[in-house]
Each structure stands twice: as structure tokens, then as C-alpha cells.
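Visitor: Chains A and B, in that order, give the protein sequences. Letter by letter, the first sequence follows residues 1 to 115 in the numbering used here. Letter by letter, the second sequence follows residues 1 to 114 in the numbering used here.
It should be emphasised that the hints constitute simulated quantities derived from the structure, not laboratory data. Errors might be hidden in some of the hints.
[To be verified] DSS-like mimics (lysine-lysine), calculated; alpha carbons at most 25 angstroms apart, straight line:
(1) A:K42 - A:K71
(2) A:K71 - A:K110
(3) B:K71 - B:K57
(4) A:K68 - A:K37
(5) B:K55 - B:K71
(6) A:K37 - B:K18
(7) A:K110 - A:K37
(8) A:K71 - A:K57
(9) A:K42 - B:K71
(10) A:K107 - A:K37
(11) A:K42 - B:K13
(12) A:K42 - B:K53
(13) B:K18 - B:K57
(14) A:K107 - B:K18
(15) A:K68 - A:K107
Since this is a predicted model, take the numbers as computed values, not measurements.
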Amino acid sequence: GENVEQHPSTLSVQEGDSAVIKCTYSDSASNYFPWYKQELGKGPQLIIDIRSNVGEKKDQRIAVTLNKTAKHFSLHITETQPEDSAVYFCAARDPRGAGSYQLTFGKGTKLSVIP
Amino acid sequence: DVKVTQSSRYLVKRTGEKVFLECVQDMDHENMFWYRQDPGLGLRLIYFSYDVKMKEKGDIPEGYSVSREKKERFSLILESASTNQTSMYLCASNRWAQGLETQYFGPGTRLLVL
Chain A
1 GENVEQHPST LSVQEGDSAV IKCTYSDSAS NYFPWYKQEL GKGPQLIIDI
51 RSNVGEKKDQ RIAVTLNKTA KHFSLHITET QPEDSAVYFC AARDPRGAGS
101 YQLTFGKGTK LSVIP
Chain B
1 DVKVTQSSRY LVKRTGEKVF LECVQDMDHE NMFWYRQDPG LGLRLIYFSY
51 DVKMKEKGDI PEGYSVSREK KERFSLILES ASTNQTSMYL CASNRWAQGL
101 ETQYFGPGTR LLVL
């Protein structure tokens, strides 16, 4: 099955700086890569996703890049704000068999934005 | 707005009790999922269902069972709760859409087994 590694596990940045979280996946067939943000006491919420036919996607201060050859994808947050402080999860979907229904998640990155 | 609701935010049970966690979604989604979330381990899939009365094991099904009698409702059952099942439980749902659609999560149930 798919295996997703996420780094770093914790990240502290000054307000206004950029934050980058990286994930690698093991199965070259994986074709969908969402990123979730989980605030304290809440369930994860999608912030951006990318499909394997796209190399980069941007939504305001958030961007995701995908390198299929190297099997890694990254989340970039620019001009960080205190409300960006949360746990971020990457995930990957293998389109084959039972995996076509499931996402495999990374272990999460706790981002702290220091005012 | 998609809404996934879970029956309890916090639950305290005793070892050996039978525990029911309920999840309801209001968007007519085909797929529903149960995860547990533990510090340092991320989200791990327990069971999922792609249709009424259908279920598939995820990565950690041992000690759990599920029930999906209606499309909007997916229940997680701990037949005999144990202390190592103390965790945060998250329910999620999505449309089939060939899997290329995000999962929508509920707020979670924090279960403590004493």
C-alpha cells in the first residue's frame, strides 16, 4: 500500500515569514494529493489539493507543488499569520483497488506562527 | 455547506463496555470513513463504507466493527472497550467521484476508556 512521509513534525516561523512542509509518497500510481489543516478541537479541513496532471496550484497565500518523478509534494504558506497556527496533514490516494477509496495521511506538522 | 456531525464530542467509558460512535452526513455522500487520531501517528483508517450495508477494513480494524444501515449514517462500534482505544475518533465522508474528491471531516469524538 501507499506510504506517506511528512516533514518536519514541528515548525515555528515568525509572523510574515514563509512556511514549507514537505511530503513524499511511495506509490507512483497515486494521483490525488490533498492538504488538510486541523485547528485545535476541530476536525481536519481541506485547504488545497492537487491532481497528478498538475505541477503547481496556488490559492492566495497557499501553494502546493508536485514532483511526480521524485514522488514528493510540498505545501507553501507565504506571509504567515497567527491564525495559520495549526496541524497540517498531507495525504495521497492510490487509484487502484480498495485504495481508490482511501487516503493515506502523513503524520502531521504542527505549525506555530510567532507574532 | 457539507456537514458531518458526530454524536458526542467527549465520551468516558469503562473497560469492557460496548461503545457506539455515531456519524451523520447531510450531503448524500456514497463514501464514509472512520479514523482514529493519536499524537505522532497521524490519522489511521479503521473502516470505510462505499455503500449502504457495505464495509471494508482499513489499516487498523482490530477491536472495531461498523454498521451502515442508511446512506447518511455510519456507526463505529467498540465491542469491548479497552484502554488502548482511548483516542480521538474522526468520521469523514465524500462522493465517489472516482476518488478525486476531498473527504469532509466531522469535529471528532474524544474517547477516554478507564
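Visitor: Can you name, in rising order, the numbers of the hints this structure does not satisfy?
Guide: 1, 6, 12 and 14
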